[in-house]
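Participant: Residue numbers for the sequence shown follow this note's numbering, so the first one is 1 and each next one is one higher.
Derived from the structure by calculation, the hints contain no laboratory data.
All residues carry an ideal CB built from backbone N, CA and C; glycine is no exception.
Please note that a few of the clues may not be correct.
[As the list claims (entries may be wrong)] In silico SDA-like cross-links for lysine to any residue, where the CA-CA straight-line distance does not exceed 25 Å:
{"no.": "1", "residue 1": "Lys3", "residue 2": "Thr29"}
{"no.": "2", "residue 1": "Lys121", "residue 2": "Ser97"}
{"no.": "3", "residue 1": "Lys121", "residue 2": "Thr90"}
{"no.": "4", "residue 1": "Lys3", "residue 2": "Leu13"}
{"no.": "5", "residue 1": "Lys3", "residue 2": "Val35"}
{"no.": "6", "residue 1": "Lys3", "residue 2": "Phe14"}
{"no.": "7", "residue 1": "Lys121", "residue 2": "Phe93"}
[As the list claims (entries may be wrong)] What follows is a list of derived Cβ distance ranges for each label pair:
{"no.": "8", "residue 1": "Asp38", "residue 2": "Asp18", "range": "33 to 39 Å"}
{"no.": "9", "residue 1": "Phe81", "residue 2": "Tyr31", "range": "22 to 28 Å"}
{"no.": "10", "residue 1": "Thr9", "residue 2": "Ala117", "range": "37 to 43 Å"}
{"no.": "11", "residue 1": "Ser80", "residue 2": "Val24", "range": "54 to 60 Å"}
{"no.": "12", "residue 1": "Gly120", "residue 2": "Gln22", "range": "49 to 55 Å"}
{"no.": "13", "residue 1": "Pro42", "residue 2": "Pro70", "range": "33 to 39 Å"}
{"no.": "14", "residue 1": "Gln23", "residue 2": "Ser112", "range": "53 to 59 Å"}
{"no.": "15", "residue 1": "Pro42", "residue 2": "Val85", "range": "29 to 35 Å"}
{"no.": "16", "residue 1": "Pro110", "residue 2": "Pro70", "range": "27 to 33 Å"}
{"no.": "17", "residue 1": "Asn15", "residue 2": "Val85", "range": "37 to 43 Å"}
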Amino acid sequence: MRKVRSFPTGTGLFNGLDLLGQQVALPGTSYPVEVWYDAPQPYTPVPPDPFTSALLVAASGAMTAGSALPLISLASAGLSFTTLVDSGATHDFISESLVQRLRLPIRSCPWSSVSLADGGKQAILGQVSLRVSAGSFRAC
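With the sequences and hints as input, model every part of the structure.
Facilitator: Quick look at the structure:
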């Protein structure tokens, strides 16, 4: 990273718009400002993992989903099940009962628990790999 500009306290950096859409200068900042730049690195494509990773949580963590939640139907190993689409999640989670139904082998996992959106914690029992499909789409 390299510093490309410095502005002292009181420098007017931004413009606003009035009710007629005309630009108006906004007051200067109440603090000094530095602008830093880090050049982008060359893109190196990485092949995807052959399996979709999923962490295993205890069945007690399963919740009944309301109709407002984004749910989709998936299939794996000839079994169909409903899953919650969580685009903000860092990992995918699956119940212990579904792991047993799918007869998935459980591997050890570096985590002992996961933090939930409500601030609670849920124990992690292990990690599994799972291939899923939704209609003609297959995640492998």
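Participant: Could you check the structure against the hints above and give me the numbers of any it violates, in ascending order?
Facilitator: 9
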